[in-house]
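2 protein chains.
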Amino acid sequence: MKSENSPKEAPRKVLIIGGGFVGLECARRLANDERFEVSLVDRNNHHLFQPLLYQVATASLAAPDIARSLRQILEKARNVTVLMDEIADLSPGERTATGKSGHVYSYDYLVLATGVRTSFFGNLGWEQHTLGLKTLAEAQMIRRTVLSNLEKAELSTDPDERRRLMTVAIVGGGPTGVELAGAFADLLRRSLHTNFRRIDTTKLRVILIEGSERILGAYDEEQSEYAEKRLSHLGVEVRTSTTVSNVSAQCVHLGNGETIDTAAIVWAAGTEASPLAAKLDVPPADRAGRIAPEPDLSLPGHPEIFAGGDVVSIRDGKGNPVPGVAPAAMQMGRHIAKVLKIDADRYTDEARPAFKYYDKGIMAIIGKNAAVVKSGNLRLRAFPAWLAWLFVHVLFLIGFRNKLSVLLGWAFAYLRDTPDTRIIVNSADNEQEAAAQAGESYPDAA
Amino acid sequence: MKSENSPKEAPRKVLIIGGGFVGLECARRLANDERFEVSLVDRNNHHLFQPLLYQVATASLAAPDIARSLRQILEKARNVTVLMDEIADLSPGERTATGKSGHVYSYDYLVLATGVRTSFFGNLGWEQHTLGLKTLAEAQMIRRTVLSNLEKAELSTDPDERRRLMTVAIVGGGPTGVELAGAFADLLRRSLHTNFRRIDTTKLRVILIEGSERILGAYDEEQSEYAEKRLSHLGVEVRTSTTVSNVSAQCVHLGNGETIDTAAIVWAAGTEASPLAAKLDVPPADRAGRIAPEPDLSLPGHPEIFAGGDVVSIRDGKGNPVPGVAPAAMQMGRHIAKVLKIDADRYTDEARPAFKYYDKGIMAIIGKNAAVVKSGNLRLRAFPAWLAWLFVHVLFLIGFRNKLSVLLGWAFAYLRDTPDTRIIVNSADNEQEAAAQAGESYPDAA
Numbered sequence: 259m260k261s262e263n264s265p266k267e268a269p270r271k272v273l274i275i276g277g278g279f280v281g282l283e284c285a286r287r288l289a290n291d292e293r294f295e296v297s298l299v300d301r302n303n304h305h306l307f308q309p310l311l312y313q314v315a316t317a318s319l320a321a322p323d324i325a326r327s328l329r330q331i332l333e334k335a336r337n338v339t340v341l342m343d344e345i346a347d348l349s350p351g352e353r354t355a356t357g358k359s360g361h362v363y364s365y366d367y368l369v370l371a372t373g374v375r376t377s378f379f380g381n382l383g384w385e386q387h388t389l390g391l392k393t394l395a396e397a398q399m400i401r402r403t404v405l406s407n408l409e410k411a412e413l414s415t416d417p418d419e420r421r422r423l424m425t426v427a428i429v430g431g432g433p434t435g436v437e438l439a440g441a442f443a444d445l446l447r448r449s450l451h452t453n454f455r456r457i458d459t460t461k462l463r464v465i466l467i468e469g470s471e472r473i474l475g476a477y478d479e480e481q482s483e484y485a486e487k488r489l490s491h492l493g494v495e496v497r498t499s500t501t502v503s504n505v506s507a508q509c510v511h512l513g514n515g516e517t518i519d520t521a522a523i524v525w526a527a528g529t530e531a532s533p534l535a536a537k538l539d540v541p542p543a544d545r546a547g548r549i550a551p552e553p554d555l556s557l558p559g560h561p562e563i564f565a566g567g568d569v570v571s572i573r574d575g576k577g578n579p580v581p582g583v584a585p586a587a588m589q590m591g592r593h594i595a596k597v598l599k600i601d602a603d604r605y606t607d608e609a610r611p612a613f614k615y616y617d618k619g620i621m622a623i624i625g626k627n628a629a630v631v632k633s634g635n636l637r638l639r640a641f642p643a644w645l646a647w648l649f650v651h652v653l654f655l656i657g658f659r660n661k662l663s664v665l666l667g668w669a670f671a672y673l674r675d676t677p678d679t680r681i682i683v684n685s686a687d688n689e690q691e692a693a694a695q696a697g698e699s700y701p702d703a704a
Numbered sequence: 259m260k261s262e263n264s265p266k267e268a269p270r271k272v273l274i275i276g277g278g279f280v281g282l283e284c285a286r287r288l289a290n291d292e293r294f295e296v297s298l299v300d301r302n303n304h305h306l307f308q309p310l311l312y313q314v315a316t317a318s319l320a321a322p323d324i325a326r327s328l329r330q331i332l333e334k335a336r337n338v339t340v341l342m343d344e345i346a347d348l349s350p351g352e353r354t355a356t357g358k359s360g361h362v363y364s365y366d367y368l369v370l371a372t373g374v375r376t377s378f379f380g381n382l383g384w385e386q387h388t389l390g391l392k393t394l395a396e397a398q399m400i401r402r403t404v405l406s407n408l409e410k411a412e413l414s415t416d417p418d419e420r421r422r423l424m425t426v427a428i429v430g431g432g433p434t435g436v437e438l439a440g441a442f443a444d445l446l447r448r449s450l451h452t453n454f455r456r457i458d459t460t461k462l463r464v465i466l467i468e469g470s471e472r473i474l475g476a477y478d479e480e481q482s483e484y485a486e487k488r489l490s491h492l493g494v495e496v497r498t499s500t501t502v503s504n505v506s507a508q509c510v511h512l513g514n515g516e517t518i519d520t521a522a523i524v525w526a527a528g529t530e531a532s533p534l535a536a537k538l539d540v541p542p543a544d545r546a547g548r549i550a551p552e553p554d555l556s557l558p559g560h561p562e563i564f565a566g567g568d569v570v571s572i573r574d575g576k577g578n579p580v581p582g583v584a585p586a587a588m589q590m591g592r593h594i595a596k597v598l599k600i601d602a603d604r605y606t607d608e609a610r611p612a613f614k615y616y617d618k619g620i621m622a623i624i625g626k627n628a629a630v631v632k633s634g635n636l637r638l639r640a641f642p643a644w645l646a647w648l649f650v651h652v653l654f655l656i657g658f659r660n661k662l663s664v665l666l667g668w669a670f671a672y673l674r675d676t677p678d679t680r681i682i683v684n685s686a687d688n689e690q691e692a693a694a695q696a697g698e699s700y701p702d703a704a
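Protein chains in written order, with the numbering used here: chain A, 259 to 704; chain B, 259 to 704.
It is worth saying that the hints were derived from the structure and are not from the lab. There could be a bad hint or two in this list.
[Said to hold, decoys possible] Below, simulated BS3-like cross-link-like pairs (lysine-lysine); rule was C-alpha separation at most 25 Å, straight line:
| no. | chain 1 | residue 1 | chain 2 | residue 2 |
| --- | --- | --- | --- | --- |
| 1 | A | 599 | A | 626 |
| 2 | B | 358 | A | 410 |
| 3 | B | 410 | A | 461 |
| 4 | B | 271 | B | 599 |
| 5 | A | 334 | B | 614 |
| 6 | B | 614 | B | 626 |
| 7 | A | 626 | A | 614 |
| 8 | B | 334 | A | 410 |
| 9 | A | 334 | A | 596 |
| 10 | B | 596 | B | 614 |
| 11 | A | 392 | A | 596 |
| 12 | B | 271 | A | 271 |
| 13 | B | 596 | B | 618 |
| 14 | B | 461 | A | 410 |
| 15 | B | 487 | B | 461 |
| 16 | A | 358 | B | 618 |
| 17 | B | 392 | B | 596 |
| 18 | B | 461 | A | 334 |
[What the hints assert, rightly or not] Over the 10 Å line for every Cβ pair with chain A, so calculated as not near, a few chain B residues:
| no. | residue |
| --- | --- |
| 19 | 287 |
| 20 | 357 |
| 21 | 361 |
| 22 | 619 |
[Stated by the list, open to error] Computed far set for chain B versus chain A, every beta-carbon distance over 12 Å:
| no. | residue |
| --- | --- |
| 23 | 322 |
| 24 | 349 |
| 25 | 461 |
| 26 | 470 |
| 27 | 562 |
| 28 | 585 |
| 29 | 610 |
| 30 | 627 |
Cβ coordinates follow ideal geometry from the N, Cα and C atoms, glycine included.
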């Protein structure tokens, strides 16, 4: 028996932590439903279109092209309040969350959608020598480091130092590592070679290091082979079955005893659940600290707490793990909103619907004009796969005004073979100056 | 008597310091002239289109829209080497310059075009509490500070703190201050009012403080009056004949004893010559440390050293000071290249031509749809002036591929009344993390 909410009933307080695909989609579905009072808390003020983050790192797109103010997106959702804060602690017993700002947020429903962060598998210290790729700031840091290294190489007269500055090591042969390696090979070896007078950028080394037997392990074997061949063609040195035993400031030490001297180490070898997941009353589902929710995406023993996106570990109908891709996250966000609405609709204890993943497939781009696509029984590669990639990503960006600007940027870069966003905004010095002006004082960096 | 350079003569080494309008224009004019071997040294890797910098500060444009890689611009100038370095010292006697990188650059000709930096008229300590607007990093810091303050105000429950976070003080009623005040009033009071749930952004205060009797002192009196009326209409509090006696972390102290509580103080009240000017053998021409060159733009006693742009103080044919605008800088850059070519052409001691400034006028924009233009006997204001401003700035951007992207951004923002680049990329926390990843270690900021 269904019954509408009595108009006198207070709206249910929904606290969504994280403005990624899960959180944003959930908030959108609850928008202007007056049975809910939604707070969306994120430590940034923007939603990030993460699938294109590697393009910011490789100077193909500007940061605002792939990020948009959460307030702006949710401008017309009158029952949604966006707050920029970082949740530091959760008290599931009291149904509260505490922000770094000191604010205490109380909730009737909690949606945890804080995603993952770069993981170093317990190797403390590696973090300070490597560059991750999870946030806009990290993407800009990769760009700044690689471009600054080329500037330093152009100034340097020491051949060893030059070689080191002209080597980029990417650890991890998953989609992120492959996309970065392909884009860097395009940018550094092809686009920039007419820009320098003293160094030969075609001699630049991009090394992709993967511990297992093949790159793109989630794809078919022949797709991995194609990707490897394609990367080699672009000049990327692909090292499979190669483990990393240590990382230091200027060097990657491989399991086979070899060392690679480099001034830029990108770490794309693993992720772990955001630390908030550990503050819940549930044991982690895997070594990465992810949570295993009930089929409806609520937590065991906590029907009022939901989790979705990269922070959870679930399997689809066929028993395969649901991949950490945007469509999966958006589907989870929509599902959580649906369950909340069903909860609000009725007073019976009927079972909530289970989350069902509609697999739209996975795709990875490999430099200019090539990609691999795996969707159901469909397998694409080379130019058709690249076209499919372009189509899907532009489609996804709909709703962003950035779409047009991204398309234009790509069109120019494609035709002219040279992206125009390769400026270095902050040198480390500038950052210190900037920080100093913000009223903070830093000592001189070494 | 003219004579061509002998083919055996070594090319003359030209060292250009600064990749702004002077340096870039000079390098362009010397491009592929094999009598010259040009090194263009800049501490950034990009040329900055400074007239639009305020739009980055007010979230209307993205950083790459107004900056372009110097290497890319000078890609086809085979005799020009671009080097990213900061010149720390000059030895005019030895004809060398030393970079922070440790490199020593020797030259036959030196072109000093390092511009100006923000000046606090000897008030040490004010710098750390205020935000300047000379570099991309500074522009991004202004944007970040103002937008973050609004986020904090939305979180705050203390009315005094909220008021403070919702006050922007701009010191200096010249073109920079006026353009910033107009754009902030547009952005903060109009575009953003539907974005927040707890604060009323139409109550936001933008205060423009000017020490002299009127703003835009370089314009006619009725133009200043118009600008003041227009700013007031946008909601800006214009305080003329108002001096600043002190600046602290949270407060501007005025000469009349009044204090303004604010969490964002932009300092647009003065500039001084870049410190390199003081390393030359010439006495400064004014209190701002600028240099008075000979009519040909070389320095007294140093026919091999030239200076141009904001770092020099010169007068036009009518005895008026040449303004610090882009057309003046470009004309000086071209003039210096012309003198260098004449020098290379002949062996006589004929006098070099004197620099002649062709005054194209000055213009300042005041929020949406309004500007003032002063050019010869022509005076424009309101919408016609705004159209003229738009036309001239788009024309100037020709040569940048960014032109189209800027135009599109403006068109969208104009039609929708809401710019899309208002993302906060780095919180102070993110910056520390990013810096830590670059291998530097900073202690926790206060």
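Checking each numbered hint in turn, tell me which of them this model violates, lowest number first. Checked against the structure, the hints that fail are numbers 1, 3, 5, 6, 7, 11, 12, 14, 16, 17, 20, 21, 23, while the rest are satisfied.
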